[in-house]
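Participant: Protein chains in written order, with the working numbering: chain A, 1 to 326; chain B, 1 to 351.
Be aware that a few hints might be false.
To be verified - Pairwise CB distance ranges (calculated):
1. B:82 / A:312: 40 to 48 Å
2. A:47 / B:27: 45 to 53 Å
3. A:88 / B:302: 48 to 56 Å
4. B:290 / A:88: 42 to 50 Å
5. B:82 / A:187: 37 to 45 Å
Please keep in mind that the hints were generated in silico from the structure rather than gathered at the bench.
Where a beta carbon is used, it is the ideal one built from N, C-alpha and C, also for glycine.
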Amino acid sequence: MRKITYIDAIIEAQREEMQRDENVFVLGEDVGLYGGVFKATKGLMDEFGFYRCLDTPISESAIVGIATGAALMGMRPIAEIQFADFIGGAHDQICQQAAKIYYRTGGTWPVPITIRCPYGGDVGGGMYHSQSNEAWYCHVAGLKVVVPSTPYDAKGLLKAAIRDNNPVLYFEHKKLYRTIKEPVPDDDFVVPIGKADVKKPGRHLSIFSFGLMFHRSMQAAMKLREEGIDVEVVDLRTLLPLDMETIVESVKKTGKAMVVHEAPKYGGIGGEIASAIVEECWDYLDGPVVRVAAPDTPVPFHPKMEQLYLPSVERIYQEAKQLFEY
Amino acid sequence: MKPKTVSKGQAAKNSKPRGATRKRALEIPPEEARELHYYLRLTREVDERLVKLHRQGQIGGNHYPAVGQEATTVVPAFFMEDDDFVGPSHRELGVFITKGRGSPRSMPLVQVFAQVFTKSTSQDEGRNGPSHWGWTPERILEHCSNLGTQIPVAAGAALSFKMRGLPLVAFAFIGEGGASKGDFHEACNFVGIHKLPFVIIIQNNFWAESVHISLQTGNDNLSDRAIGYGYEGIRIDGNDVIQCYQTFKYAIDKARTGGGPTMIQCDTYRWYGHSMVDPANYRTGSEVSYWKELDPVARFERWLVDNGVMTQEEIDQRVKEINEQIFAAIDEAKSAPDPEPETFLDKVYAD
Ligand SMILES: Cc1ncc(C[n+]2csc(CCOP(=O)(O)OP(=O)(O)O)c2C)c(N)n1
Ligand SMILES: [Mg+2]
Numbered sequence: 001m002r003k004i005t006y007i008d009a010i011i012e013a014q015r016e017e018m019q020r021d022e023n024v025f026v027l028g029e030d031v032g033l034y035g036g037v038f039k040a041t042k043g044l045m046d047e048f049g050f051y052r053c054l055d056t057p058i059s060e061s062a063i064v065g066i067a068t069g070a071a072l073m074g075m076r077p078i079a080e081i082q083f084a085d086f087i088g089g090a091h092d093q094i095c096q097q098a099a100k101i102y103y104r105t106g107g108t109w110p111v112p113i114t115i116r117c118p119y120g121g122d123v124g125g126g127m128y129h130s131q132s133n134e135a136w137y138c139h140v141a142g143l144k145v146v147v148p149s150t151p152y153d154a155k156g157l158l159k160a161a162i163r164d165n166n167p168v169l170y171f172e173h174k175k176l177y178r179t180i181k182e183p184v185p186d187d188d189f190v191v192p193i194g195k196a197d198v199k200k201p202g203r204h205l206s207i208f209s210f211g212l213m214f215h216r217s218m219q220a221a222m223k224l225r226e227e228g229i230d231v232e233v234v235d236l237r238t239l240l241p242l243d244m245e246t247i248v249e250s251v252k253k254t255g256k257a258m259v260v261h262e263a264p265k266y267g268g269i270g271g272e273i274a275s276a277i278v279e280e281c282w283d284y285l286d287g288p289v290v291r292v293a294a295p296d297t298p299v300p301f302h303p304k305m306e307q308l309y310l311p312s313v314e315r316i317y318q319e320a321k322q323l324f325e326y
Numbered sequence: 001m002k003p004k005t006v007s008k009g010q011a012a013k014n015s016k017p018r019g020a021t022r023k024r025a026l027e028i029p030p031e032e033a034r035e036l037h038y039y040l041r042l043t044r045e046v047d048e049r050l051v052k053l054h055r056q057g058q059i060g061g062n063h064y065p066a067v068g069q070e071a072t073t074v075v076p077a078f079f080m081e082d083d084d085f086v087g088p089s090h091r092e093l094g095v096f097i098t099k100g101r102g103s104p105r106s107m108p109l110v111q112v113f114a115q116v117f118t119k120s121t122s123q124d125e126g127r128n129g130p131s132h133w134g135w136t137p138e139r140i141l142e143h144c145s146n147l148g149t150q151i152p153v154a155a156g157a158a159l160s161f162k163m164r165g166l167p168l169v170a171f172a173f174i175g176e177g178g179a180s181k182g183d184f185h186e187a188c189n190f191v192g193i194h195k196l197p198f199v200i201i202i203q204n205n206f207w208a209e210s211v212h213i214s215l216q217t218g219n220d221n222l223s224d225r226a227i228g229y230g231y232e233g234i235r236i237d238g239n240d241v242i243q244c245y246q247t248f249k250y251a252i253d254k255a256r257t258g259g260g261p262t263m264i265q266c267d268t269y270r271w272y273g274h275s276m277v278d279p280a281n282y283r284t285g286s287e288v289s290y291w292k293e294l295d296p297v298a299r300f301e302r303w304l305v306d307n308g309v310m311t312q313e314e315i316d317q318r319v320k321e322i323n324e325q326i327f328a329a330i331d332e333a334k335s336a337p338d339p340e341p342e343t344f345l346d347k348v349y350a351d
């Protein structure tokens, strides 16, 4: 099977869905002529025309609101927020309009929109171009939040998001765009929303992670394996709704749980996962549920500061080892 | 024909009651005028009844009376097709009552009351507050309290109409206060770029809760903003049904036939406070009585009588019938069961 990058997977998923369903279209800043600042919509305007890959003014609220209105009329829009850091302008549209329309219309009016959010650090972007703000939206009923870590999942989850009848926030990690390649089928498949994936089975300890931190967790797990410590690495893939079944199953098996994410620790999704594990797996736990996350500061710019800010492979390794020895 | 734009400050002056002596050609065909009157009166009587029901403690939550503002909601809704989209704000009762004009998809009167009594038969089955009406079959978005957020949503509906080449129009309503929100700008700017089939109606009742328009903006000619967006803005006397009729007919026809958006500022006035808990003591009695003299419904009724379209007896009879209808609807709404409390857990996500 041919190997493709994470960004290729994103382009391919959009193209295939646009070919399959004429109601699917993309809108956002620079997505048309330029193909997106990350080239995530490259070639789509050429293939599908001006309106189906529409350049918008710099109006995040309107981008999401327009997607919502078009969705109410039967379209399936994909709204690109240029950087997840800029999504705040669309907060009302996401949390008050889109998330609540189905509910407040008594289930008569679904809102099938996908909001693509390039996020994450280790790209030298500083505090306004590096945030991992997925947790902001995990608190809002009516939304779904997906966080693919691999090209395969990037393609399958984006297709699932586009076909879903609810507003889905699709967090795509900028650092992963061109740093990983893997075999991805060039035909139609979806990765179901709400299903985590045990990417590396293990016996001694479970790590729950996603995005760039998933890859760092895998590297830490490989290092630990050399020392005879068998870590299970679970790629969460979806944060809302969380796949508690897979999480619980894993913790019951290993008895030790660690959550790794690059967002600040306080109020991060790690807290939610940790407390859910404590509630549901208390009798099985052989140690504290550990959160490895960023400090509660903005993302600093200086490369050495950012390295210190983001959980490193070494830090994950050390924390996991300590938990193993607990 | 494009109606004359009323200049700043002229709207109210131009439209003082003109009395029986002034002869005008029939600006509205008699059949339409009679029907329009029905919806204007119905909206007025329903709203006054809602005020009474609230005072009697029969409605939980709050009510935002639009008495005095009927022309600016009923008249545009009179020209709407079933498939047109509406993003209402919180004072658009007249749109719910009028849109569809009795078509099978239009909102039955009983629904007005099912919503305020939060019955299981209301569209949202008790999930959203009273006065937060919505009617999906007519594509009227159920109200979201965050002012202004409906405008980008309506712009998106307009975009989809243009993409599909449909002769449909998307409408957004907003108060002059809500027009200060960023969403107003983002959406009104966007629709100008693509000349979308879009009509934005600013109901200027001069007050946003207790804040006067002079503290809302440095230019109370809000429709001037349309110039900046590259399309037409019109300011009218929103208490003059005839002017509303001509202006909305013009703007909606234009939008429907590819002529792009229009921003229409309707100067009007709410007779009651902002809501049922607002005594509105920030405004003077003389201001209120000035506007009550400009009552859009009474003025239109004078016009109907003066022009021989309806007799006073016919109007009186109609008001009587409307109230019978209203009481029947109230009884019907009340007889429905309340929702089962645990159903609030359902319908968070679509399948
Ligand atoms: C974003 C937002 N801010 C504040 C409020 C509270 N609020 C509800 S109605 C209102 C006044 C609205 O004034 P205007 O838009 O002129 O409409 P009117 O009530 O006069 O019809 C305010 C401040 C709200 N609902 N939403
Ligand atoms: Mg107002």
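Participant: All hints are to be evaluated individually against the structure, with a verdict given for each.
Facilitator: Checked hints:
1. B:82 / A:312: 40 to 48 Å: 60 Å, violated
2. A:47 / B:27: 45 to 53 Å: 51 Å, holds
3. A:88 / B:302: 48 to 56 Å: 52 Å, holds
4. B:290 / A:88: 42 to 50 Å: With Cβ atoms ~43 Å apart, the hint holds.
5. B:82 / A:187: 37 to 45 Å: 41 Å, holds
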